[in-house]
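Participant: Sequence:
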Amino acid sequence: MASIGQIVEQTPGSEVLQRARQRAVLVPDCMVEAKRIANTVIAGWHGRRKRGIGENFWQFRPYADGESYARIDWRRSARDDHMYIRDREWEAAHTVWLWADMSPSMMYKSTLASVSKESRALVLMLALAEVLARSGERIGCPGIMEPVSARNAAERLAAAIMHAPLTSGLPDTRMIRGASDIVLIGDFLDDADRVMERIAPLARRGLRGHVVEIADPAEETFPYTGRTEFTDPETGEKLTSGRAETLRDDYRRAYLARRDSLSDHLRRMGWSFTHHRTDRLASEALVAVHMHLSGMTPAVSRSASL
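In full-length UniProt numbering, the protein residues as written are 1 to 306.
Worth flagging that the hints you see were computed from the coordinates, not collected in a lab.
Cross-link-like lysine to aspartate or glutamate pairs, in silico, EDC-like; alpha carbons within 20 Å at most:
#	residue 1	residue 2
1	Lys35	Glu155
2	Lys238	Asp190
3	Lys238	Asp250
4	Lys35	Glu284
Let the hints inform the model, and build the full structure from the sequences given.
Facilitator: Okay, here's the thing in structure tokens:
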């Protein structure tokens, strides 16, 4: 049968150098797509939906002993026997760390999708950088770029990615200090317990996290039939099945169990989880993550379901 999926543009010899060049070529196109998507979803959100220094009204709340009388809203307080404080919405710059997995498994693209997982992850990361930079947030990438507060943060991140060394696995986060948000974008195909061993310490340090799982539709539906050879892009190990369709049910159960386990672990420690397929619009995942970052829970945190 015809090939259903492949590793995009595998390159023989000097693998690290060739992969770095390939990513450098991919980034500019991803930046253009990211800006297009960001422009379609920006809805004027600038605040962080918590009280603080800003111009926009957020809420009235009862006055507490010790607070400045200058903050009392006397007009609202005159309506009953209580004094009320007029809170404004917090608009101070916040630090958001963005990371996209660039490991070999992310290069996969089946005939059921128009882009590779790597391309979609880069587009989402750069689109988020664009949206957040316009909101005045500081944008950083662990191990690649220190946080910056600038309108061109997305372009600066794209340039940094083009020259960053190739790494596998979750990023080194030792440089992250203080409370901030971190968005991790990848396929997370490792065992859920192994993934959580790396993520759990981040939550204990006070980081508010958001995980975006990128999946190719073929990885979910397992459309293979007949004699099929499977290759592990990370190790090169091969598995040949005479009748691949006989593996479908067991594979799908294991695949979904891994995802459900990871999602449950993340939500129990207060992190968000968004599932996104590469045959869906990138804007769907961008909106979902943006809502999580702004403190609003999307009605659906999956861009597609099986």
